[in-house]
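Add chain B to chain A, keeping to what the hints say.
Sequence lines, in order, name chains A and B.
Residue numbers for the first sequence, in my numbering: 1 to 267.
Residue numbers for the second sequence, in my numbering: 1001 to 1375.
Any given hint could be a false lead.
Claimed, not checked - Here are the simulated DSS-like pairs of lysine-lysine, each with C-alpha atoms no more than 30 angstroms apart in a straight line:
1) A:257 with B:1372
2) B:1083 with A:202
3) B:1003 with A:140
4) A:84 with B:1035
5) A:194 with A:2
6) B:1217 with B:1372
7) A:88 with B:1056
Simulated from the structure, these hints should not be mistaken for laboratory data.
All values derive from a computational prediction rather than experimental measurement.
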Amino acid sequence: MKLYIKSYSSYRSDKEDIDVKKELKKRYKLDTRRQDGFIHLGVFGAQRLKEESQIDKHDELYITTGIGNIDVLQRTHLYVCKEKNSIKPYDFINMLGNTTSYYIAASLGVCGKTIFQISDNFTFINSLISIYASINQSKKDAILGSIDLVNYPDEVIKRVLGIDEDVEVISSVNYQKLSLCSKNALAEVEFDAKTHSLDEIKAILNDNNTKILLSMRCNNLDYETYDKFFETAASCAINSYIKKAQDLLYVDCFEDKYKILRLKSLS
Amino acid sequence: MTKVYISDYEVLSSQGDLSQTIDAIKNKNIKISKKIITTDIQTIDAPYFLFKDEIKENKDEIYGAIRDIALKIISKLDVDERKSTALIIGTAIVDLNIAHAIESCVYEDERTEYSSKKYSIDSYAKAIANEFGLNDFTMSINTACTSSANAMLEGANFINGGIFEKVLVIGVEIYSAMMSSGFSAMNLLSLESQKPFDNNRDGLILGEGLAAVLLTKQYAPWSLMGGFCNCNSINITSVSEDGGEYVEVMRNALKNANISVKDITALKTHGTSTIASDLSEINAMKVVFESGVVFSALKPYIGHTIGACGTLELAIFLSSIDNGFIPSTLSCSNPMLKKYTPLSTHKECNNGVFMLNYFGFGGNNTSVIVKKEQV
Chain A
1 MKLYIKSYSS YRSDKEDIDV KKELKKRYKL DTRRQDGFIH LGVFGAQRLK
51 EESQIDKHDE LYITTGIGNI DVLQRTHLYV CKEKNSIKPY DFINMLGNTT
101 SYYIAASLGV CGKTIFQISD NFTFINSLIS IYASINQSKK DAILGSIDLV
151 NYPDEVIKRV LGIDEDVEVI SSVNYQKLSL CSKNALAEVE FDAKTHSLDE
201 IKAILNDNNT KILLSMRCNN LDYETYDKFF ETAASCAINS YIKKAQDLLY
251 VDCFEDKYKI LRLKSLS
Chain B
1001 MTKVYISDYE VLSSQGDLSQ TIDAIKNKNI KISKKIITTD IQTIDAPYFL
1051 FKDEIKENKD EIYGAIRDIA LKIISKLDVD ERKSTALIIG TAIVDLNIAH
1101 AIESCVYEDE RTEYSSKKYS IDSYAKAIAN EFGLNDFTMS INTACTSSAN
1151 AMLEGANFIN GGIFEKVLVI GVEIYSAMMS SGFSAMNLLS LESQKPFDNN
1201 RDGLILGEGL AAVLLTKQYA PWSLMGGFCN CNSINITSVS EDGGEYVEVM
1251 RNALKNANIS VKDITALKTH GTSTIASDLS EINAMKVVFE SGVVFSALKP
1301 YIGHTIGACG TLELAIFLSS IDNGFIPSTL SCSNPMLKKY TPLSTHKECN
1351 NGVFMLNYFG FGGNNTSVIV KKEQV
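Isolated chain B (complex conformation):
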């Protein structure tokens, strides 16, 4: 089996590019904005982790943003390397091509002359592959909050199988009125702050994010050791309180990576700060990590970036280790469990084996295991 390495990564978060984001985390100097979110029942002025420079919800601006982040990595590849690089996007954004087609022919007063061109949610990936001479193979995965995490595992399979030399995985999440209204309608949003694994937690804060990760078979200090994904939950929106589904995905990830639980240096949790999800997650951690584990949550720094959180949180976590620390968890002052308390201060760390968890709607759960060699 070919080993899979993570050779490059770039992000754009509400805190800026990768180095700006790491600085913000290191100094705990976090910028957060606000957005008016409307549902049938209420209108709220909700905290929202927005990009510094607005990216409007239209195809051209979204393409431009994805292209810019992709180019940061692609520009370092030569022509032959690009030809053997597949591109996978993980995203939960709405397909605006369909919205445009609906506007063009459903409403008589807005009707336009018939014209058609093949589009899908994967068209952003296709356009980037065409523009930069990447391999013809592109794919977009939509599994809600696990989209780009699953995309990384699919990419790893391609490299393990010798199908492609490299896979560029991009997580994408741009502000959407419809999506944020949906989260609000489900009473999942906090109006104050995210407090992962805190007894006073009251919901998540959404965030925009873009992150590109390059997987390769060429040696790099970081490797993707393995992972697991399942779709197993009691209903479409929640998992069981004891977190059994999360236990299964974590244990299978360890098995696939051929390591045991005691090899894990630290855990990056999903940590959404919702009442139910955090409870299930901490109960699962108690079962898998019976002797305890160093763990943290990144969402208080960048928000819940839904489809992008896979690659975005991975890139930020890796970069934090590269900078010598595991980030602490903000805002957990009244932890749910004394024995399982997230890091309250940054912890010095330069290498190790790390588990990163992502849990989503529709019971889609993913756990990824990465390793940084001691240099």
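Isolated chain A (complex conformation):
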């Protein structure tokens, strides 16, 4: 399966010191009320994408994440479950996945299909598969947003993501505008629904001449590993190599099964 990347945007909290909410208000003149950090992060990434590309109102919008709206979940857990208060209406609405997609869609001016989805493993790659299947039918373009928010204490996120206590987690939001059409594309990304065993992936990597980058979940392979942890790191890795106009073979792993993304620069 192959998709073409027409534009992209990236943000990592360790690389840029930005007050996202302030930026939304000041730079993008957006109303941030009744939203929370996860929604702000998603909208911020979408605004950056909008600066880079033409958005069609019928573009399909897919949003994925590793853990979801952690800040509203943590806040409501405190005042609902511990302090025995009732949930506030806007917190209730913000807990629903499509609320984030709604605000992102509204900020981009898209009004077509919108999906908020999570896969336990390979959530970014599985979202690419969904998009490929969908736009094969609809013949539209799609926008994929991958949002991972760090909340404090970040131990909550680490316990849920299944990573060591001393691993550093960061916030990140990354977007790609995707198409089946290669015209004016910056890169093409190839992927598959199939998972590989360790032996199979070693054979693939041995035969490969492209730069290889592993997710931090790949413990049994000996290549360069992506430097920080967040569940949708594949999205950010892809974007950084598009920016460099370089090809990349990205390997992700979960429970001893592997999936790969092949990025080919068209710049």
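Below, chain B without anything else, positioned relative to chain A:
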């Protein structure tokens, strides 16, 4: 384009399994319970469509319930079929793994030793896929009331694209104190009964539901002809009074299914019985079905099952047709519009083309079109 068929479906509703639910609907003998729901302003003893046997709001019991419904379908698949079956869950339930992690490390008096294992809301799907040898591909979709309806359309895309041979779609909604309190805080709940498209309607009644639907490219009498989903509304909680957003999604569903409005035998509405939503929906129906349409709402039988309503209402509707009738709409005695009145008695019907609508918070709207061949 590969045709997508609906080859199997199972439910667990407040009325029981599929045959128990159809019997309850046929005989209009509906069981309903009550739940205390608390908000800052009030505590209400609200009607609630609960399962006969309680499923507690914890990970193990929820997994057990999803597993049981999935197994009813999976048990009929051989090893090779299972390997080529993807699993998608549509649900709006709260991620209890995060709640557990919060409890384990945020509150000093409840702190536990550090341990971590990867979890997400999709972990139920992953566990089922692992246990029964399904394909590695799993996904969970949360788009509020359209969750499992959207999951079915995603599943259909996978089969159309030749990516998977089969897709098992499961809708899940289990009672949650937090979720029901949220609905109450928004003044959406009725304390009496649901009255879809009735001038005296005053809100919805929540319900628990589980429903599994198997999509395949192998021929079956029922096919999923197409559908459409949009995210288009004037604000996060409501749509425009004229229902323009619903008109768009219905017309696009018809276009994608390659049929015209006159081909529709009957319409399963979303029909929540809320003041605003029913008004928008009936106004939209007037525009799309200018000459009128046979229509009904299922929520008075099973409640509003939020994320599960996609697969649950589809399975119940299909099974009703299989049993020779379109269910009537309960409790609509003072209809909003004379020309657009829901069925007041069950209508004989064995086949046809049907539109099923689902409209949710955050402007997420979905319309699905299915067909049963004349046998």
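Hints and how they fare:
For the hint linking residue 257 of chain A to residue 1372 of chain B, the alpha-carbon distance of about 40 angstroms lies beyond 30 angstroms, and the restraint is violated. As the CA atoms of residue 1083 of chain B and residue 202 of chain A are separated by approximately 24 angstroms, the hinted pair is consistent with the 30 angstroms bound. With a CA separation close to 20 angstroms, the supplied pair residue 1003 of chain B and residue 140 of chain A stays within the 30 angstroms bound. A C-alpha spacing of about 17 angstroms is found between residue 84 of chain A and residue 1035 of chain B, which places the hinted pair at or below 30 angstroms, so the restraint holds.
For the hint linking residue 194 of chain A to residue 2 of chain A, the alpha-carbon distance of about 14 angstroms falls within 30 angstroms, and the restraint holds. Distance hint between residue 1217 of chain B and residue 1372 of chain B is fulfilled; the C-alpha atoms sit about 15 angstroms from each other, no more than 30 angstroms. Taking the CA atoms of residue 88 of chain A and residue 1056 of chain B, the gap is near 23 angstroms; set against the 30 angstroms cutoff, the hint holds.
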